[in-house]
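Listed here are the chains, written in short residue letters.
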Amino acid sequence: MVQRYGYDFRDYSMTSLKRRVHLAMQKEQGVHTISAYQDRILHDPEAMVRFLDVVSVDVTAMFREPAFYKAFRDKVVPALQELPLIRIWHAGCATGEEAYSMAIVLHEEGLLEKARLYATDINQHLLEQGKGRIFAIRQMKDYTANYQKAGGKSDFSNYYTAGHDEVILRASLGRNIVWAEHNLVSDSSFNEFHVVLCRNVMIYFNRKLQGRVHRLIYDSLPVGGVLGLGHGESLQLTPYESCYEVVDRTTKLFRKIR
Amino acid sequence: MKYRLVVIGASLGGLNSLRGVLSALPGTFRPAVAIVQHRSADADDTLQFLLQKECAHLVREVEDKEAIIPGKIYLAPGGYHLMVEENHFVLSMEASVNYAQPSIDLLFKTAAEYFGSRVIGVVLTGTGRDGALGLAEIERCGGVVLIESRRTAVAQEMPEAAIEATLHPIEIKLEEIGPYLVKLDREQETK
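For the record, the sequence lines run as chains A and B. Take the first sequence: its letter number 159 is residue 159 in the working numbering, and every next letter is one higher. Take the second sequence: its letter number 135 is residue 135 in the working numbering, and every next letter is one higher.
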């Protein structure tokens, strides 16, 4: 798979990767063994796409972990006010719910006009979906509750137009988002950012690969830049722990200090 | 020591049962304890706080790749599945398993995979069937399976499903579970 497509799963965390490979295999018609499935994937790029869709965990939601956005608003936004241009990297963005949530926060803080949000993922499919700004209407109740808990300053319904089953987010929220395919496993740093959010992406990697990604993130942040992880993640087991100070302990916001 | 890890699953009514079990564990209890209590994704640290009050050991919400250390109590954080991998925990945000997140089955199955007969699985009160398949897997790998008695469980569904799924379950009242765990830990000490 590495040689044929450039996707390298060798340093993923085995326990959950194994589960998802089996799930992917069950969904694939007519293969019953791992070796037959591997053969299919190597000979059929469409099968690779289907594999990637199952194996890349794309669970996400707007304003997921509302406390994170609240802490971001209170503790990070003030420092962003003074910048002439703000660059934020959403690493492993899946379908972009986090990037759109951030766009809403920045809009409400009067910062969206001078912000560029770089939303990257390994899976082109998910990026295409994200670009469309279309979400299922049944999610809006949860998203609205999250938005309010996250300290939203308006009505969440102001940010979308509802159709029958789906809603489309306002175009202005997507205007400053740059979508790009990027593989944290094999690609290098591509810019310097004031904020890097990589939340609940590295939990699927082993310690070695986590170390690599932390280096990539470290290289992409200037001193003073902010890193956001998922609330179940930690810097403690990485070589970079001493390079950051804590901005908010429970929501895992850190600032690079050296 | 023979038993390295105790895994506990609870759902509806779990707070009371967890308190009952943990408060009976003395500071000398050696295995690590990992707990999955069904709860909402954005739950805060209230559960950890409430359990810590009952407990001689330190109670921690697990962080990804955290090492499994004897004598510590680990709690699955809200919004994640908790799994065992070699000598550490891993977290995952995959979709719910059997309508549950965190999934008791996932913790139990992965604990059995890596710790085999050195695992004790405990299913406490709860609705649904989560935990039954995982407990069966622990039994198959030679571990011990304990189930809260349907007489003390607030919700009997989970204990019932677990009893159906296993061959030799030990069904005991809530107040007996903690002392039984201590006995299992000590029994081995004298050998």
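Derived by calculation from the structure, the hints in this document are not laboratory data. The beta carbon of each residue, even a glycine, is placed where N, CA and C say it ideally should be. Treat the hints with care, as some may be off.
Said to hold, decoys possible - For lysine to any residue, the following SDA-like pairs were computed, each having C-alpha atoms within a straight-line distance of at most 25 Å:
{"#": "1", "chain 1": "B", "residue 1": "Lys72", "chain 2": "A", "residue 2": "Leu237"}
{"#": "2", "chain 1": "A", "residue 1": "Lys149", "chain 2": "B", "residue 2": "Asp44"}
{"#": "3", "chain 1": "A", "residue 1": "Lys70", "chain 2": "B", "residue 2": "Arg118"}
{"#": "4", "chain 1": "A", "residue 1": "Lys208", "chain 2": "A", "residue 2": "Glu166"}
{"#": "5", "chain 1": "A", "residue 1": "Lys18", "chain 2": "B", "residue 2": "Lys53"}
{"#": "6", "chain 1": "A", "residue 1": "Lys18", "chain 2": "B", "residue 2": "Ala43"}
{"#": "7", "chain 1": "B", "residue 1": "Lys53", "chain 2": "A", "residue 2": "Thr250"}
Claimed, not checked - Some chain A residues well away from chain B (every beta-carbon gap over 12 Å; in silico):
{"#": "8", "residue": "Tyr7"}
{"#": "9", "residue": "Phe9"}
{"#": "10", "residue": "Ser35"}
{"#": "11", "residue": "Leu42"}
{"#": "12", "residue": "Val57"}
{"#": "13", "residue": "Glu65"}
{"#": "14", "residue": "Ala67"}
{"#": "15", "residue": "Glu128"}
{"#": "16", "residue": "Asn200"}
{"#": "17", "residue": "Ile203"}
{"#": "18", "residue": "Leu229"}
{"#": "19", "residue": "Ser234"}
Non-interface claim for Tyr7/A versus chain B (Cβ beyond 12 Å) | holds, 19 Å
Take the C-alpha atoms of Lys18/A and Lys53/B, compute the straight-line distance between them, and say whether it is at most 25 Å.
-> Given that 25 Å is the threshold and the Cα spacing comes to 38 Å, the pair is violated.
Determine whether the non-interface label on Leu229/A survives the test: each CB of chain B must be over 12 Å from its CB.
-> violated, 9 Å
Can the restraint linking Lys208/A and Glu166/A be considered satisfied, given a maximum Cα separation of 25 Å?
-> violated, 41 Å
Least C-beta distance between Ser234/A and chain B, which was stated to exceed 12 Å | Contrary to the label, Ser234/A does not stay out of reach of chain B, its closest Cβ about 4 Å off (not over 12 Å).
For Phe9/A, which was marked as not at the interface, is the minimum beta-carbon distance to chain B over 12 Å?
-> holds, 15 Å
Regarding the assertion that Ala67/A does not contact chain B, is the least Cβ-Cβ distance greater than 12 Å?
-> violated, 7 Å
Just double-check Val57/A for me: nearest Cβ-Cβ distance to chain B has to come out over 12 Å.
-> At about 6 Å from chain B, Val57/A fails to clear the 12 Å cut-off, so the statement is violated.
Would Glu65/A pass as off the interface with chain B, using Cβ distances and a cut of 12 Å?
-> Nearest chain B Cβ is 6 Å from Glu65/A, so the label is violated.
Given hint Ala43/B paired with Lys18/A - CA-CA distance at most 25 Å = violated, 28 Å
Decide if the proposed pair is consistent with the structure: Lys53/B and Thr250/A, CA atoms, cutoff 25 Å inclusive.
-> holds, 20 Å
Do the alpha carbons of Lys70/A and Arg118/B lie within 25 Å of each other, as the hint requires?
-> Outside the cut-off at roughly 43 Å; violated.
Consistency note: the structure conflicts with the earlier hints numbered 3, 4, 5, 6, 12, 13, 14, 16, 17, 18, 19.
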